[in-house]
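Let chain S serve as the given structure and place chain H on it in line with the hints.
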Amino acid sequence: MRQTDVDATALSQTRPIPTDAELMRRVAGGSMSSLGELVRRHQQRVRAIAYRMTGRWDAADDIAQETFLRVYRAAGGYSPTASFTTWIYRIVMNLCLDWHRRAGREVPRLEATNAANTAQEPQPAPMETLETVDAVQRAIGALPERQRAVLLLHRYEEFSYRQIAETTGWSESAVESLLVRAYAGLRVSLAEWKK
Amino acid sequence: MNHLPDIDLIELASGRLDEPQRQACESHLLHCTECQERSGAIASTWQRLGDWAVEAPPRDLSGDVLAALGSQERLRIGATTSRGWNVLRVAASVSLAVGAGHLAGRWMRTDPPVVAVAPASEDQVIESLQLNELGGHAAADLAESILDGPDREAKESEG
Chain S
20 MRQTDVDATA LSQTRPIPTD AELMRRVAGG SMSSLGELVR RHQQRVRAIA
70 YRMTGRWDAA DDIAQETFLR VYRAAGGYSP TASFTTWIYR IVMNLCLDWH
120 RRAGREVPRL EATNAANTAQ EPQPAPMETL ETVDAVQRAI GALPERQRAV
170 LLLHRYEEFS YRQIAETTGW SESAVESLLV RAYAGLRVSL AEWKK
Chain H
11 MNHLPDIDLI ELASGRLDEP QRQACESHLL HCTECQERSG AIASTWQRLG
61 DWAVEAPPRD LSGDVLAALG SQERLRIGAT TSRGWNVLRV AASVSLAVGA
111 GHLAGRWMRT DPPVVAVAPA SEDQVIESLQ LNELGGHAAA DLAESILDGP
161 DREAKESEG
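So the protein sequences, as listed, match chains S and H.
Under the numbering used here, the letters of the first sequence match residues 20 to 214, in that order.
Under the numbering used here, the letters of the second sequence match residues 11 to 169, in that order.
FYI, nobody ran anything at the bench for these hints, they're computed from the structure.
Computed beta-carbon distance windows for the label pairs: (1) E36(H) x S98(S): 33 to 43 Å; (2) G60(H) x G123(S): 24 to 34 Å; (3) A77(H) x R34(S): 21 to 31 Å; (4) Q82(H) x R109(S): 16 to 26 Å; (5) A77(H) x A47(S): 19 to 29 Å; (6) E211(S) x R32(H): 28 to 38 Å; (7) E150(S) x P30(H): 35 to 45 Å; (8) T43(H) x R121(S): 45 to 55 Å; (9) R60(S) x Q82(H): 16 to 26 Å; (10) S54(H) x A161(S): 16 to 26 Å; (11) S37(H) x D77(S): 42 to 52 Å; (12) C42(H) x E211(S): 21 to 31 Å.
Just so you know, even glycine gets a beta-carbon here, dropped at the ideal spot from N, CA and C.
Chain S on its own, in the form it takes in the complex:
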């Protein structure tokens, strides 16, 4: 290994990775590279949750882009009292709920690109996998918007119901109630599909 490689390695090891809060502080100071870093760190999760809420990748990408634009605009007033993740998810979920209000109630359809990525483990038959995923997606899509929102955050983003309350701004008791009803509704929907 050359001396320059050793120096670069040592430098990267000693240089601390900036936290999200630090990047936000730099964005507030005008650092576009810091904004780019925030985008790269969080875009996959933001896009994924937006896709689960809308059922469409084009809508998900539009929402994700708008999310980060709002992050930039709000950087000057951002306070790290709440975690950055909680804060950005609040923006995403509000945009998703707005999207639904504009689009009207619509069960999201399974897209071909998603079907190709769902087989994580060996399955008995590809068609059965697609049907299962389709059933799950339809069942979730049929939930009322607020139930769907808390369900997605809980099941796929690994938020506790207290974290969901903090993200959405809804009370813990409201989140608890929504979560219980969402799971109950899904249990019925998926049991009917199995028949």
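Chain H alone, transformed into the frame defined by chain S:
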């Protein structure tokens, strides 16, 4: 017997109960068949939902976000610049009117042979109004506009 609330069973299925809570739930489940059935149903639903795995197609939004911010900034600057030009035109017109009045007054007060004042050249307008600070073609364009005055639009319409 008090049964376990659904939210606790949901959190148990998700693995997010702390250790004391988890142990309390599992201890109750050992002796309560009704809660066992509810817990099983919730856990089954939890597992089924895991079938829907989502992997976002590869895409880097950072370029799009930065480009969008750049476009918004150019629009903002464009609007600001347009207003600035209008202010400059008004200021130039006022300055020219004052200067022209001064020249006319000098011409009228002169007794022996009157020397006609040649029409101001573009360079003279630029220098008198200090338009050279605008740089590029802006100074020349503005000077030309001032010199042509009301006849400019007529000339342009003639093609």
